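> Chain order of the listed sequences is A and B. Going by the working numbering, the first sequence opens with residue -19, and the numbers climb by one from there. Going by the working numbering, the second sequence opens with residue 18, and the numbers climb by one from there.
Treat the hints as calculated values from the structure; they're not laboratory data. All values reported here derive from a predicted model rather than from experimental measurement. Treat the hints with caution; some may be incorrect.
What the hints assert, rightly or not - Derived DEER-like restraints, expressed as beta-carbon distance ranges: (1) D149/A to L314/B: 47 to 53 Å; (2) S192/B to T47/A: 53 to 59 Å; (3) A317/B to G173/A: 54 to 60 Å; (4) L61/A to G272/B: 55 to 61 Å.
Glycine is no exception: its CB is placed at the ideal position from the N, C-alpha and C atoms.
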Amino acid sequence: MVDITPYQPLSELDLTKEAKRPNLVVTGATFLSAVLFAAYGALTALYAAERADVISTGETWLPSGVTIPLTQPNYMGLSMLFSFFCIWWARSAVANDDRSNAILAQSMTLLFGFGFVVQSFYLFTLLELEPSETLAAVLIVALAGVHLVLTFAGLVGIGFNLLRTVVGDFAGERYEAVSAAAIYWTAVAAIYGVLWYTVYITK
Amino acid sequence: MTTTKTSSPAATTQILSSGHKEVGRLMIGASVLVTLIALVAAAAAGFEAIDLASFDLFQNADQFRQIWSVAREVLILGAILPGFVGLALYMVPLQVGANGLAFEKGATAGFWTWAAGLVLLVISYVFDGGPAGERLDFVLLWTMAAGLMAIGLIWALASVAATVLAGRAQGMDLSDAPVSVWSFLVFAFSGSFVLGVFVAELAISYIRLRSGHLPIGNTFELLSISAPFLRSASSLFVLVPVLGLTTEVVAVHTGRPVVDTRPVMVPIGFLGFLAAVGGSAYFTTIRPVESVFFHGLVLAGALGCIGSVLFYNLVKIIKSKKFSSITMGAFAGLQLAFSAGVVLSVDTIGTRISEIEIEPLSVSTVQQDLINAGVLEAEGLYAFGPVFPLLVGAALISIHAAALHWSVKIWGRHLTSSMVLVSNLLTAVGAVAWAIGQLASTLLLDSIELSVGAADNSGEWFAALPVIGMVAMGVGSLLMIANVASLATSKVTGSAKPKWEGLTLEWATANPPVKENFPSLPVVSSAVPLTEEVFVSAPEAPEIESKSDMPELEAGVS
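Produce the complete structure using the sequences and hints provided.
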């Protein structure tokens, strides 16, 4: 085929100043995390606005008989915090070709993550919220449920990365999937911070 | 170069392909088509709104609300935003010197998600869903469909942003990227923010509807979901690519390239930031908690940004003394954008400061019904009505001008300039007529005004202006469809020679570009790479007459 491109690069190109571009996967994960955070922020704002409306009428926000205990949300927060440190430890270990530490760190992230999920379900049983009864119940379940879905998605990704680490799929030069998972998990942890304060603390 | 009319047996291959060029073309084509349909629906609602004391076209107020609402949503989510996204999907890899789009399959999935959402949205309206619907299942479908469209667009925008950030040619700093690329990047960020908030609002509405906490028929709350596209400062994110595309077109056609991009990039970036910040006004349609100061600051800043880009391009046009139709057409879009900013500022600040409550005039039952539903505004000094047509007009003109400017890259041939000129003229005149009708009803009647469509101004001299405007814009869209269709159904048997060329990387590709865009990846060192020594022009490149010598063309040919 005849090349009809109107301009041609010269054969010898100056590549001495090769710029380092952010990795595509990492860029995509960052973008996704930012959008999720913004959308969740909007959900939270709607929740806060609805709550303010109800309280301004002199009524209580939480359905009668429902109390939100602090023990579980606080432990869930701690689990999320520890898992946040672990995932970045994993990222650092993979970058240094330290496979054993990478496996350990990702396993611990998964452990804390599963602990978070279990505590979430336990909290739901304690709350005894009936979504069909009050708007508050609907919104609390919705906010916590969305975060739980995001957590599941993150755990699946981290589990997949752990398998890849076990079989030696990552090297000191190629670990973008772990970086992407770390960024995503950071967003999940930050979102829990918003949920913890808005729903569990201010009630 | 010769072209012949033919059917397109490769259409299936194109549709199933995941290349950025195929998806970009599909999205641009779909956008042009949907624009016409949405304008027809808007004109029907506008015609009915001329006299709301009785119904001529529709059977009842519910039907009127549904058509009014679907036109508004589809114009933004189905026509304008996909038009910009389609252009970005096609052009950004060419402009940044990349072989393809980042997450190309993701962008394709985004396109199909958007398309599926569009179909489901229409189905939901047909079966009495939508904000004024009476059937719960289809109202729920409406929330899901609108959410799907927004998610699809975010998905595609993520690919665009990743390509700009991580896929640029070696040596191309972000400040060396073409202005339109920068505007697409800012659009991706601010758009994803606004659309993300929109999706969250839809999700909550879905849950509330499903659990019975939001009864169907609560039209006001459901209609308010799409308010951020139409009312608050966040609607200005639609104008971000208008600024970039206009600057790009003007730079090439005045022969005055953008060597220093910062005077344009700064206002564009700031406008995107302000539009995203203005998103906090999102909740104000239901809960007016915002302050005059906040809105004043945001809108004054936004107006300054649009004004500075307008001035920048005006200086270029005056200095070059080249008043070509494509330059002036694109510039008209910028003027409409500025007008939209002015009207939005006057409306927002004026409404906040005045807090005037004017008693509604005597209204009919139907009118009262629409007022209760939030479709009709019964307060004075409310001038948002003109903003919507101006935003739509600015965006459509910008898309038309960019499509003409890059048509030789997108379809391998030029669109017919005269037809695009007429399209843009009709769109500009239509948008202004629509806006004047809205403005007149607001200023002269200052009692009842319809946000989109037309005012209830029976017997007034401006009664039919909005409908005339919408019809004019519809005819402009029809011409654009004919123009694009004439290219999509003819095949190229030779290499197109562009009638104009810029100095950015897309002009270093063939017409249309080969499958990999660039034979070898370019290395650049400035915002005008084709003036650099690392490129050699190849004027001796032969005009190809044999089909077998043609680069692989993915659109409209076998």
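> Next, verify each hint and record whether it holds.
Here is what the structure says about each hint:
{"no.": "1", "hint": "D149/A to L314/B: 47 to 53 Å", "verdict": "51 Å, holds"}
{"no.": "2", "hint": "S192/B to T47/A: 53 to 59 Å", "verdict": "56 Å, holds"}
{"no.": "3", "hint": "A317/B to G173/A: 54 to 60 Å", "verdict": "34 Å, violated"}
{"no.": "4", "hint": "L61/A to G272/B: 55 to 61 Å", "verdict": "59 Å, holds"}
In this structure, only the earlier hint numbered 3 is contradicted, and the remaining ones agree with it.
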